[in-house]
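Peer 1: Listed below are the residues making up each chain.
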Amino acid sequence: MPFTVQLVSPEKVLYEGEASYVSARTIGGGDIGFEPGHAPFLAALQTWPVRVLGTDSSELKIACHGGFVQVDGAKVVILSDVAELAADIDVDRATMAKRNAEAALSNNADDVDAKAALARAVTRLEVAGA
Amino acid sequence: MAGGQERILRRRIKSVQSTKKITRAMELIAASRIVKAQARVVAAQPYADGITGVVRDLAAAGAGSSSPLLAVRDSVSTVAHIAIAADRGLCGGYNSTVVRTTEVEMRAASAAGQRNALVTSGRKPESYFRFREIPMDGSFAGYSDAPTYENARDIAAVVSRRFLDGDIDKVQLIYTKFLSAGRQEVVIEQLMPLDTSELASGAKQQADYEFEPNPDTILDALLPRYAEAKIYAALLNAAASEHAFRQRAMKAATDNADELIRTLSRIMNRARQDSITTEIMEIVGGAAAMADGAGSDDDDFLPAH
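Residue numbers (our numbering), protein chains in the order written: chain L, 1 to 130; chain G, 1001 to 1305.
Read the hints as simulated data drawn from the structure, not as lab findings. Backbone N, C-alpha and C fix where the C-beta goes; we use that ideal spot for every residue, glycine too. Accuracy of the hints is not assured; some may be wrong.
[As the list claims (entries may be wrong)] What follows is a list of derived Cβ distance ranges for each label pair: (1) D1220(G) <-> S58(L): 33 to 41 Å; (2) S1067(G) <-> D110(L): 22 to 30 Å; (3) D1220(G) <-> M96(L): 56 to 64 Å; (4) S106(L) <-> E1189(G): 41 to 49 Å; (5) T55(L) <-> G1089(G): 24 to 32 Å; (6) G129(L) <-> R1088(G): 42 to 50 Å; (7) A74(L) <-> K1036(G): 27 to 35 Å; (8) M96(L) <-> V1041(G): 34 to 42 Å.
[Unchecked claim] With a cut-off of at most 25 Å between alpha-carbon atoms, the simulated PhoX-like pairs for lysine-lysine come out as follows: (9) K1020(G) <-> K1251(G); (10) K1177(G) <-> K12(L); (11) K61(L) <-> K115(L); (12) K1036(G) <-> K12(L); (13) K12(L) <-> K115(L); (14) K98(L) <-> K115(L).
[What the hints assert, rightly or not] A short list of chain L residues far from chain G (calculated; beta carbon distances all over 12 Å): (15) P2; (16) K12; (17) T26; (18) A87; (19) D92; (20) K98; (21) A103.
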């Protein structure tokens, strides 16, 4: 029995579809997976790819830069103020951003902005499959 | 002289006609943009609903009593006003209504012994307050007809930082709410501290949620998003209202141009007829004089002896 997955950004509903499994990473650092019938669950998400397994076992990856996931038995709603589907990601830009962030980190390992930028770039590249 | 007047009128009619073409085009553009802006308001609804729903569930779980974004302060010494209007004019009373409402609010706050902070969105309110040398704590512009979430985030960043520092005790949004294509109203909404009364009223006791990592941490991450979503909704409403106002203003201008053209054409035609009549009279008068001259004796022209 599949459940509905909704990916909602402030501007519009980015994705809506049936799925049999969804996984995400919470700000605590733990990965969590949902299957239909999961107990009601609410979490804040990290910058990390969200994986959605469709009913035909196709896999969809979404670059989710923070956000929240709300689950009740029949529905998963992901609220994210910045989220991108693989098609919307500029691989060259992400690669460049990754290189810049790494360079900044090698100078100053405590650079919070660079760490966040690196996490975003890595997530984007992962989702884009590059 | 009559011919000169006709030429002047013709030139004026032509200029009114080209103005009419412009206002008509602006009217049509605004009309099509209302539809798009409305669609954007609708598209933003699921996120706003989702965030509100999550806040509600968290509140039901007992989170958030400690969050500074929720705490109503005992004494309010500074009120921040976020005035949202347009970048461009030619939209009737749209900008001036927002600006006037803001001024009234600021005067009321001053009368109550509170200090004012002002943040503007849109070039028009910015230049209004700058001209009057009223200090602004932030001004944002360049997106009023199609705002993005980024714009809302920028505005939120300015006010929430100062709110959390204790610099500002209350933040309110002043914008034009898009109620329907025919009705838009300037509203004043409290943004910070966040008004949770609307959440409590709709709280339905749901199944117990599991929280990761815990309700308070999620709420702390969520409330800034909630404020941003509110500002974003206000920006979108303001954009739709702006287009509605502009469409109405441009329609009035087009109708007025039509009437002006009609009146001017009538005056011009009368002037033309007058000049033709005068010309005929002159010809007839001249011909009569010639005929008189031809019929009489040459002696008539000689001086009398």
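Peer 1: Name the hints, by number, that the structure is in violation of.
Peer 2: Violated hints: 3, 5, 13, 16 and 17; rest satisfied.
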